[in-house]
Each structure stands twice: as structure tokens, then as C-alpha cells.
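K.L.:
Each chain, letter by letter, is given below.
There are 2 protein chains.
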Amino acid sequence: MSGVTLGREGPRFDVVAFDADDTLWHSEDGFHAAENAFCDLLSTFVADGVDLRSTLTATERKNLPTYGYGVKAFGLSMLEAALSVSQGRVTSDVMDKLLGIVRELLSAPVRLLPGVAEVIVDLACDHRVAVITKGDLVHQSRKVTTCGIDHLFDHVEIVLEKDPETYSRVLREFDVEPHRFCMVGNSVKSDILPVLEIGGHAVHVPYHVLWELEKADHPVGHGRFGEVESIAEVPDWVRQGGE
Amino acid sequence: MSGVTLGREGPRFDVVAFDADDTLWHSEDGFHAAENAFCDLLSTFVADGVDLRSTLTATERKNLPTYGYGVKAFGLSMLEAALSVSQGRVTSDVMDKLLGIVRELLSAPVRLLPGVAEVIVDLACDHRVAVITKGDLVHQSRKVTTCGIDHLFDHVEIVLEKDPETYSRVLREFDVEPHRFCMVGNSVKSDILPVLEIGGHAVHVPYHVLWELEKADHPVGHGRFGEVESIAEVPDWVRQGGE
Chain X
2 MSGVTLGREG
12 PRFDVVAFDA
22 DDTLWHSEDG
32 FHAAENAFCD
42 LLSTFVADGV
52 DLRSTLTATE
62 RKNLPTYGYG
72 VKAFGLSMLE
82 AALSVSQGRV
92 TSDVMDKLLG
102 IVRELLSAPV
112 RLLPGVAEVI
122 VDLACDHRVA
132 VITKGDLVHQ
142 SRKVTTCGID
152 HLFDHVEIVL
162 EKDPETYSRV
172 LREFDVEPHR
182 FCMVGNSVKS
192 DILPVLEIGG
202 HAVHVPYHVL
212 WELEKADHPV
222 GHGRFGEVES
232 IAEVPDWVRQ
242 GGE
Chain R
2 MSGVTLGREG
12 PRFDVVAFDA
22 DDTLWHSEDG
32 FHAAENAFCD
42 LLSTFVADGV
52 DLRSTLTATE
62 RKNLPTYGYG
72 VKAFGLSMLE
82 AALSVSQGRV
92 TSDVMDKLLG
102 IVRELLSAPV
112 RLLPGVAEVI
122 VDLACDHRVA
132 VITKGDLVHQ
142 SRKVTTCGID
152 HLFDHVEIVL
162 EKDPETYSRV
172 LREFDVEPHR
182 FCMVGNSVKS
192 DILPVLEIGG
202 HAVHVPYHVL
212 WELEKADHPV
222 GHGRFGEVES
232 IAEVPDWVRQ
242 GGE
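Just so you know, the protein sequences line up as chains X and R, in that order.
Counting in this note's numbering, the first sequence runs without a single skipped number right up to 244 at its last residue.
Counting in this note's numbering, the second sequence runs without a single skipped number right up to 244 at its last residue.
If you're looking for bench data, these hints aren't it; they were derived computationally from the structure.
All clues stand as given, with none of them false.
Not the full set, but computed from the structure, chain R residues with beta-carbon under 7 Å of chain X:
id : residue
1  : K73
2  : G76
3  : E81
4  : G89
5  : V91
6  : S108
Derived CB-CB ranges, DEER-like:
id : chain 1 : residue 1 : chain 2 : residue 2 : range
7  : R       : G89       : X       : H180      : 56 to 62 Å
8  : R       : G11       : X       : H209      : 56 to 62 Å
9  : X       : G89       : R       : D52       : 24 to 30 Å
Cβ atoms here follow ideal geometry from the backbone N, Cα and C, with glycine treated the same way.
Could you put together the complete structure from these sequences and hints?
P.N.:
Structure (C-alpha cells):
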């Protein structure tokens with residue numbers, strides 16, 4: 002438990018919700034390794050100077066409205082980019098390796114980030130604790146159920162998009178007022194800005210890799226926004242009332 | 002509105018829920034056409050007598066626990082099966098065509114089945130009407146929001162698996178007792194048996210194609226089970242109290 006004394010009114014928030022990928026457990030580093038493998042495998046099929054990584058990102062961006070988030074969407078985009086950037090010269094052996102990477106990403110064990118278990122155990126003592134994540138339904142569900150701290154979550158929401166409308170709907174489902182809600186996550190675009198917009202509090206915890214399509218400016222100076230260096234600092238921030 | 006007279010107590014059910022794919026709109030026929038295209042495209046790469054369709058189904062079955070349901074899962078399995086059954090001899094041109102089929106399936110407009118709009122309009126007058134579907138989050142959401150009758154649904158649930166535990170959770174979310182709940186769908190395995198198991202009512206409406214992995218025996222004679230030929234008969238069945 003945190004050493005901070007609570008006021009007589011009890012906790013400042015009813016629900017503290019956490020993003021999952023790159024907040025509770027490693028994820029983007031796996032995609033990053035897959036991108037590196039893609040670049041290595043395709044390099045012999047393209048002219049020097051072709052930017053394989055940006056081709057892959059552009060394909061993901063094009064497909065995002067139709068494919069959505071997650072490993073399967075990434076995998077289909079990676080296969081498409083391989084065929085396209087190599088002008089069809091990619092071998093079936095390389096295609097098979099790319100499919101193998103997708104299967105590995107989908108079946109890799111969950112790797113909790115340092116301090117996560119302690120923080121969730123701590124906050125669950127006097128808050129409802131939730132996970133709000135986007136991505137693939139089957140993959141995210143598997144990660145939640147196998148992460149070892151599943152029993153501490155009062156709510157798990159796997160959503161299509163993290164926009165203000167979605168957070169409003171989820172908060173209604175949780176039966177919590179926005180000013181009694183705090184979101185914790187590594188993406189300013191998905192975890193911070195939409196929550197501030199609907200009147201909630203939000204704490205940014207950085208992860209060392211951020212997906213190109215998640216980049217956004219930090220709302221520095223916003224009264225309901227916090228920044229910490231590590232998830233271990235979150236309980237103090239939460240109990241000090243988001244100041 | 003149906004001509005059946007209601008008792009003074011009002012409708013027999015509080016919530017009537019519909020499966021989506023092949024109950025509200027066409028879906029399996031698209032997969033079936035994709036399977037046919039797969040068989041045509043791969044036929045020149047395999048020996049006579051190789052059963053391409055069963056190879057594809059076996060690959061889907063193997064990947065189901067990791068990939069889940071939906072078009073993206075199907076697409077990844079189809080690409081894997083193409084590489085595997087051709088022993089790597091499949092051309093990049095064929096791989097590109099298979100990826101194109103996946104994109105087409107994901108972006109094809111919704112085709113409502115005959116009578117669906119009338120039935121939903123009718124039942125929504127005096128019931129809460131829901132959609133409970135499994136599959137891909139982004140694809141199923143897009144189909145629901147573009148189907149033209151989205152505004153008539155009180156609840157939309159996109160679930161990982163249609164088992165008794167999931168139905169129990171969804172019914173708690175709907176705040177409805179099982180005996181006041183009726184599920185309508187084309188899959189005995191997913192829409193009928195688990196609902197009967199938790200004490201709900203269920204009506205089977207056949208679709209002309211059923212996915213190999215959805216096949217199950219009908220619970221003929223079960224007191225809370227109904228079978229109709231067409232969705233147009235559902236309002237009468239529902240209003241006559243599931244008899």
C-alpha cells in the first residue's frame with residue numbers, strides 16, 4: 002500500500018483503468034522486432050535505398066480503417082507489403098517466415114512490465130480496477146486471462162477505437178462519473194487526450210517504443226493530466242488526487 | 002406488427018437477440034466463394050486428388066484457438082494453407098490474389114437477408130432487441146453500423162466465443178433473466194445449445210451454407226427450442242411464448 006494518507010472521504014477515484022499493451026505488458030517491442038525481421042527478409046528483393054519500414058507503415062495506415070488494430074491486421078499488411086515492395090519477387094520461403102512471425106506474435110507468452118503486479122494489487126484494495134484496450138478480441142482476451150493478475154480486474158473492455166465516444170460509453174457501463182475516473186496508459190493519443198476531453202483524469206506512463214500511428218503531442222499543463230516516469234508512481238499520483 | 006394477441010402481462014420475452022452472420026445478413030456464402038477461389042487458384046500447384054478444401058478447413062481448425070473467428074483469421078489460414086499444400090510452389094501472383102479476396106470480404110457491403118428489416122422493426126416495438134455475434138471486432142462493428150437497422154438494436158455484443166459462460170455474462174449485462182430471453186440464429190452449436198443450457202429460449206433459422214466447424218445436432222423436442230423455415234416466422238414464435 003502507498004504511504005499517502007487518504008482524506009476522510011476515501012479515494013479520489015472510483016475506477017482506475019489501465020491500457021494493456023505497453024502499459025501492463027510488453028507489446029510494441031514484439032512488433033518492432035517483427036518489422037526488423039521484415040526489413041531483413043525483404044532487403045535482397047529491393048533496390049538499395051528503398052525504405053522498407055515506411056512501406057510497411059504506409060500499408061498498415063492504408064488498411065487501418067478496414068483491418069483495425071492488432072497482430073492479424075499487422076500480419077496481413079506485412080504480407081501485402083512484401084508482395085508489393087518486391088514487385089512479386091518475394092519467395093514463398095520468405096512469405097512462410099512472415100506468417101511464422103505472425104503466429105509467434107499471437108502465441109507469445111505475456112511479459113508483464115516491472116512493477117505492474119504490485120501496482121494493480123495495491124490499487125485494487127480501494128478502487129475498482131479496469132483494463133481498457135483496443136486490438137484483436139481473441140488475442141487481447143488471451144493476454145488478459147493469462148497475465149496472472151486477471152482476478153484483480155473488475156472490468157475488461159476490448160474496444161474498437163479509443164475515442165471520446167467510446168470512453169463515454171464505457172464509463173456509463175462502469176457507472177462512474179468522468180471526474181471519478183482515471184485512465185493510465187502509454188499512448189497520449191489513445192489513453193490521455195480522449196479521456197481529458199470527456200472530463201476524466203489521465204496519467205501518462207512512457208514505454209520505450211511508440212507505434213508511428215500513435216504519436217501525438219502531450220497536453221502539458223492540463224489540470225487533469227499527469228506524467229510519471231514509471232507505473233510504480235501511479236498509486237501515489239492517484240491517491241494524491243491527480244494533482 | 003404480428004396479428005397474434007398478447008396476454009395482459011405483455012410480451013413473453015424482455016430481450017430477443019439475433020446472431021448476425023447468416024441470420025441478419027449473408028456471410029458464409031462469401032467465405033464459400035473464397036474457398037472456391039482458393040481451390041481454383043491452387044489446383045495447378047497440387048497433384049490430382051489432393052483435397053484442397055479440407056486442407057484449408059484443417060488449417061483453420063488448427064489456428065482457431067490462436068486466431069479466433071472472422072475474415073482476418075480465415076485470410077491468414079488461407080495464405081498458410083496455400084504455401085503448405087503447394088509445398089512452396091504457389092506464385093506471388095496467386096498470393097496477391099488471395100490477399101485481394103481477404104480485402105474484398107472485409108470491405109464488401111452488408112447484404113441483409115430477406116425479411117430481416119421487417120422482423121426487427123416489428124419486434125423492436127415491444128421488446129429490447131439485441132445482436133450477439135462472434136468474429137472480428139472491427140469487421141462486425143462495421144457491418145452493424147452500416148446495415149441500416151442499427152438504430153433499432155438496444156444492445157450489440159461482439160463476443161469471443163458463444164458458450165454458456167459468455168451468454169450468462171451477456172444476460173447479466175442486459176439485466177434479463179434467462180427465461181425472459183430468446184436467441185435467434187442459424188448455428189445450433191453457437192446460437193441454440195448454449196442458450197438452452199443456461200435456461201433461455203432459442204429459435205433456429207437455417208441458412209443454406211453452414212461452416213464445417215459450426216456443425217452440431219439439433220436438440221429436437223426440447224421445450225425451449227423452436228425451428229422455423231424463415232426469419233419472417235420469428236415474431237409469431239416469439240409472441241406465442243416459445244411454444
